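Enquirer: Dock chain A with the ligand against chain Z, hints included.
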Amino acid sequence: MAKIVVLGAGVSGHVAASHLRRKLSKEHEVVVVSPNGNYQWIPSNIWVGTGRMKPRDILFPLAPLYAKKHIDYKQAKAVSFHPEGDKEEAKPYVLSEYVVGDDKGKREKVTYDYLINATGPKLNFEATEGLFPGKNKTHSVCTYTHAQEAWIELEGLIKEMKQGKKIKILIGTGHAKSTCQGAAFEYILNVEQELRRHKVRDMAEITWISNEYRLGDFGMDGMLMSYGSNIMKSNEMVEMIFEDRGISWILGAAVNKIKDGKAHYETLDGEYKEESYDFAMLIPSFSGHGFKAYDKIGKDITDKLFKGFMIVDADYTPKPYDQWSVQDWPETYQNPSYANIFAPGIAFAPPHSISKPRKSKNGTDITPAPPRTGMPSGITAKLVADNIIEMIKHSNSELHHKGSMGNMGAACIASAGYGMTKGSGVSITTYPIVPDYKKYPDTQGRKLGKTFGTIGLAGHWLKLALHYAFIYKAKMKPFWWLIPE
Amino acid sequence: MTQRISKYKRFMMMNPIVQFFKFIYLSIKVLIVVAGGHGGTRNV
Ligand SMILES: Cc1cc2nc3c(=O)[nH]c(=O)nc-3n(C[C@H](O)[C@H](O)[C@H](O)COP(=O)(O)OP(=O)(O)OC[C@H]3O[C@@H](n4cnc5c(N)ncnc54)[C@H](O)[C@@H]3O)c2cc1C
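Listed in order, the protein sequences are those of chains Z and A. Numbering-wise, the first sequence is residues 1 to 485 according to UniProt numbering. Numbering-wise, the second sequence is residues 1 to 44 according to UniProt numbering.
Pulled out of the complex, with its shape left as it was, chain Z reads as follows (with noise of 0.2 Å):
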């Protein structure tokens, strides 16, 4: 009998345990240490955001469903590794605190035999003075809260221009580090169509700022893609859609302090400059969780499990940009010191960016991060269950479920605009994510035909398809395991 805890019940962290629970027999324990009672569909809080979405419409509870599952869950929150156990517990444990609840406060040591950490990330508003949802007329759609007060303060704002009154909206990255930039991508074009369809488009000045070198970089180096019959890069793409939607952009951008309306930031060039705003939705740096890890007898061994997040098998040798390649990313998110500890999705330390580092004139790094958006999550997710599986039926140690970035998928449906027939997305897909410049030399490291891009009402219809796809699957309704991840 093998005992499984998985810490998150996220994209990653629920793909994980609910493969797991279908496929081992119910001998074998799958606990989920979590500390949202709620499962929430990321993607859909750009649409909450605009208020087109509540947030019922992309939550639902945990607990019933991992209960009718046999998966137990435990409302807590992981505090310190211990995969060695202690004086006293020989087994190896995560140090848990219960969230809520009468047992509110308790810690309690839970031990396995198999670790999944699928902790994502932490949303490090702090790395960035002033920068904090709902403060400074700064918001975040990182959560369905926050998307939630970003749409009350925006509805506010809309009733005013509607009297007349002009107004300035930023949105992009609010760190010289920041991810996600699809997210702020969806989220300005989403912004841009509630305006218009309110008819106070003309009373809104739009401008996107962020820490991408070139528009359409997304984090992932930017990408040569196939847009209908042409060739395309993803700059073009972007700044095609911006010049028509009237959005104006600054570029290079490592926005350190929000105070009274206005971001601060530096640029590429070392300038530093500010931009004054009515509304602001920054996508804060993303960190680790500041976890801590001790051996038997207490000593910190936090750097054997974490660099920021958490180690897999990765090749963290620093190395300049022109010597990295797509063999530096892990393929089976194991952690080297520790056999029996996987890390998928956003939780695992990347080897370095997938975007080409480049530094300000003052010697600051502007230079985003690596996304790892949901279906990575989901994928590595998947294969970390599947290797502990065979780990657990055939007591077998090699790995034979592989996923690298650099050998694998995605697609990004992004939103440009809710409404069955008004609505409008940007759909891209990419492959590899992480590009592989020496197979694909020609093409920025990319697959063309594989990678491609298209604009319409259809991607619209597809992200809308997509939300009840997965909000289905993650409810483990009847063949939930039929759709991919």
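Derived from the structure by calculation, the hints contain no laboratory data. All the pointers check out, no bait thrown in.
List of simulated lysine-lysine pairs, DSSO-like, C-alpha gap at most 27 Å:
(1) 422(Z) - 29(A)
(2) 447(Z) - 9(A)
(3) 477(Z) - 29(A)
(4) 109(Z) - 91(Z)
What follows is a set of in silico ranges between Cβ atoms, one per label pair, in the way DEER data are often shown:
(5) 393(Z) - 37(A): 19 to 25 Å
(6) 43(A) - 156(Z): 56 to 62 Å
(7) 292(Z) - 4(A): 50 to 56 Å
(8) 24(A) - 239(Z): 25 to 31 Å
(9) 322(Z) - 21(A): 42 to 48 Å
It should be emphasised that the depicted structure is a prediction, and the values quoted were computed from it without experimental measurement. For every residue, glycine included, the Cβ atom is placed at its ideal position computed from N, Cα and C.
Expert: This is chain A with the ligand only, laid out in the frame that chain Z set:
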């Protein structure tokens, strides 16, 4: 605002009939890219 998408292109992008077929095409295309498999990069 600079018109960067021609009227014809915009019509095609927003026409529900054209886009219905595009939706089917896109769904299949996305499925191929995603379900097309994944693997390692080190021992290939
Ligand atoms: C606004 C927005 C829009 C996006 N849109 C898209 C999109 O359109 N398409 C796409 O593919 N991707 C999109 N993404 C990215 C996608 O949401 C992420 O790739 C995905 O959520 C990552 O999954 P994860 O499980 O690694 O992390 P998360 O989903 O963040 O899950 C982390 C889990 O860990 C839990 N946790 C946190 N701390 C602890 C702790 N101490 N102990 C235990 N558990 C803990 C959290 O409660 C949560 O359940 C978007 C992201 C954002 C922010």
